[in-house]
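2 protein chains.
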Amino acid sequence: MQITFLGTSSGVPTRSRNVSSIALQLPQRAETWLFDCGEGTQHQILRSDIRISQISRIFITHMHGDHIYGLMGLLSSIGLAGNPTRIDVYGPPKLDDYLRACGRYSQTHFSYPVKVHTVEPGVVFEDAEYVVSCEALTHRVPAFGYRVSEKDRPGRFNVEQAEALGIPSGPLYGRLKRGEVVTLPDGRQINGADLCGEVQIGRKFVYCTDTIYCDSAVELARDADVLVHEATFAHQDAELAYQRLHSTSTMAAQVALNAGVQQLIMTHFSPRYAPGNAIALEDLLTEARAIFPNTLMAQDFYTHEIPRR
Amino acid sequence: MQITFLGTSSGVPTRSRNVSSIALQLPQRAETWLFDCGEGTQHQILRSDIRISQISRIFITHMHGDHIYGLMGLLSSIGLAGNPTRIDVYGPPKLDDYLRACGRYSQTHFSYPVKVHTVEPGVVFEDAEYVVSCEALTHRVPAFGYRVSEKDRPGRFNVEQAEALGIPSGPLYGRLKRGEVVTLPDGRQINGADLCGEVQIGRKFVYCTDTIYCDSAVELARDADVLVHEATFAHQDAELAYQRLHSTSTMAAQVALNAGVQQLIMTHFSPRYAPGNAIALEDLLTEARAIFPNTLMAQDFYTHEIPRR
Ligand SMILES: [Zn+2]
Ligand SMILES: [Zn+2]
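Protein sequence lines, in the order shown, are assigned to chains A and B.
If you want the numbering used here, it's the 1-based position in the first sequence plus 84.
If you want the numbering used here, it's the 1-based position in the second sequence plus 84.
Check each hint, because a few of them may be wrong.
Because identical chains share one entry, a pair is satisfied inside a single copy or across any pair of copies.
Below, computed lysine to any residue pairings styled on SDA-like, alpha-carbon distance capped at 25 Å [claimed, not checked]:
#1 K178 x T192
#2 K199 x Q112
#3 K178 x S195
#4 K235 x G276
#5 K261 x D236
By construction, these hints were calculated from the structure, which means they are not laboratory data.
Can you make the complete structure from the sequences, with help from the hints?
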């Protein structure tokens with residue numbers, strides 16, 4: 085389970101940073117999920133080790149151009165690249181209408197089913213391994229943060245040990261696997277938990293953009309292994325952040341701190357912090373670390389493995 | 085007057101070729117005109133020596149995604165990069181509706197006027213220096229080829245020579261500049277043409293995509309200095325060209341030959357001609373040159389100066 089940043093600039097691309105997109109690679113199921121799809125996301129994928137054919141779900145935070153203008157091109161190219169069974173796209177109201185309008189005007193008809201899901205706060209996807217939920221953030225247009233939670237996995241049941249203890253195979257094994265205490269025909273009491281390895285705690289990835297500091301971001305990010313939070317502006321430019329409902333580096337750090345996450349990665353930086361500006365991008369990192377030391381700053385193609393606890 | 089290819093792939097970008105866009109740089113008026121604007125065009129501009137702030141007109145050939153999906157992002161970035169007085173966009177019916185729909189769904193309001201002109205065959209723009217006209221091509225959707233004609237400039241009037249001949253300055257000079265024969269007060273007859281340098285013949289650039297071979301492309305390209313014509317397929321894949329209403333290399337060359345152009349540059353190549361395919365891109369060039377020797381093959385960032393006669 086690892087994330088790769090495909091774009092880390094806000095609003096417009098620069099020579100070194102594209103607009104927003106993050107790929108979440110799930111190698112055990114040979115799938116990649118995308119979060120946001122700014123213009124040029126498919127070009128960034130071509131330059132990465134992500135296979136376009138593995139993309140199965142795309143989650144969109146909000147309808148601003150720097151988060152969606154790459155979606156039509158990517159969906160078209162996915163169809164031309166292979167034979168996908170289906171793509172699920174999740175996002176705010178109007179995303180479906182937008183894609184339909186683009187498809188109509190450009191006479192683009194996907195060769196495979198594209199299912200668009202309009203999200204509301206709560207669970208937006210769940211299967212045996214993952215739950216994806218979202219919360220409303222605070223931006224100029226409706227924006228949603230996403231949380232991907234891998235489900236906890238029970239520890240491995242030690243069959244060899246059970247056999248060595250002379251426990252008859254059959255329904256008892258099932259009860260022991262679930263951690264129950266069972267009484268054997270010979271009167272011995274066996275605690276199933278003693279025969280099971282440690283529970284594998286599921287990993288949690290949270291993505292909050294675009295937003296000013298808000299409590300729902302804190303709620304969504306609670307206890308996450310990795311929180312990716314936008315940090316468009318430096319603390320000194322907080323006035324701009326309030327005007328445009330974006331976050332400063334210190335707001336991102338405050339969310340991470342209040343949510344008790346393991347790791348904060350900041351992204352979505354204003355292109356203004358280029359050489360020549362009195363404030364440099366490194367200053368945003370210093371500001372954030374003063375509040376939340378375990379902070380990193382994303383750059384395009386940076387890959388971060390989300391570790392198990 | 086020079087053109088720079090910003091994308092030379094058809095349908096989808098590859099690692100080395102983006103989808104369609106060509107920049108026509110007019111240094112004497114510090115303007116750049118774009119032809120088509122596939123996804124990632126603004127990214128290509130960032131990597132070129134073209135200044136986004138000099139873009140004043142954008143001509144769109146047709147509504148397929150690989151020719152328009154970069155337009156909204158580019159127009160947004162133009163607004164954020166500077167303070168343009170206005171951008172004129174020319175294209176097929178529905179282009180205006182498409183841009184309005186995208187603007188509405190993404191809540192993008194340009195900070196400057198964007199005027200969209202729906203083109204029909206004939207003159208689409210004219211000022212003192214240039215005429216741009218278009219013709220309908222033959223594709224699966226309405227598609228237009230464009231011709232940019234620089235107007236002929238009268239040769240420079242040799243004032244020094246006129247003075248040396250003792251011609252009194254005043255209205256006579258105007259008549260001589262226009263090449264008229266005038267009779268001086270002293271009875272001498274002077275032919276204005278003798279006092280004027282050679283007429284500067286205007287340069288002509290023609291862009292035809294997407295289309296199968298058609299007579300209107302030949303008409304549009306008549307006597308052009310540079311014809312850029314699509315050549316999606318190799319001659320051996322003509323069957324595909326007929327199915328999809330694209331051109332083969334040999335069709336592009338036939339247009340160039342029949343129109344009597346000076347130079348053909350082929351572009352819009354199918355990504356299928358990658359290493360591993362039995363047909364290579366070089367084969368398209370060989371096929372075309374057999375018909376029209378003065379043929380080149382575009383690649384991304386290739387710049388071609390359009391020479392004066
Ligand atoms: Zn944004
Ligand atoms: Zn095309």
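* Intra- versus inter-subunit Cα pairing at 25 Å for K199 with Q112 -> Answer is within; shortest intra-copy Cα gap is 24 Å, inter-copy 51 Å.
* Have a look at K178 and S195 and pick one of within, between, both or neither, based on CA distance no larger than 25 Å. => both (22 Å within a copy, 23 Å between copies)
* Checking K261 and D236: alpha-carbon separation at most 25 Å within a copy, between copies, both or neither? -> Within one copy, since 15 Å is at most 25 Å while 89 Å is not.
* **Homo-oligomer pair classification [G276, K235; C-alpha up to 25 Å]** => within (21 Å within a copy, 90 Å between copies)
* At 25 Å max between alpha carbons, let me know whether K178 reaches T192 within a copy, between copies, both or neither. => Both ways: K178 and T192 sit 18 Å apart in one copy and 14 Å across, limit 25 Å.
No hint from the list above goes unmet by this structure.
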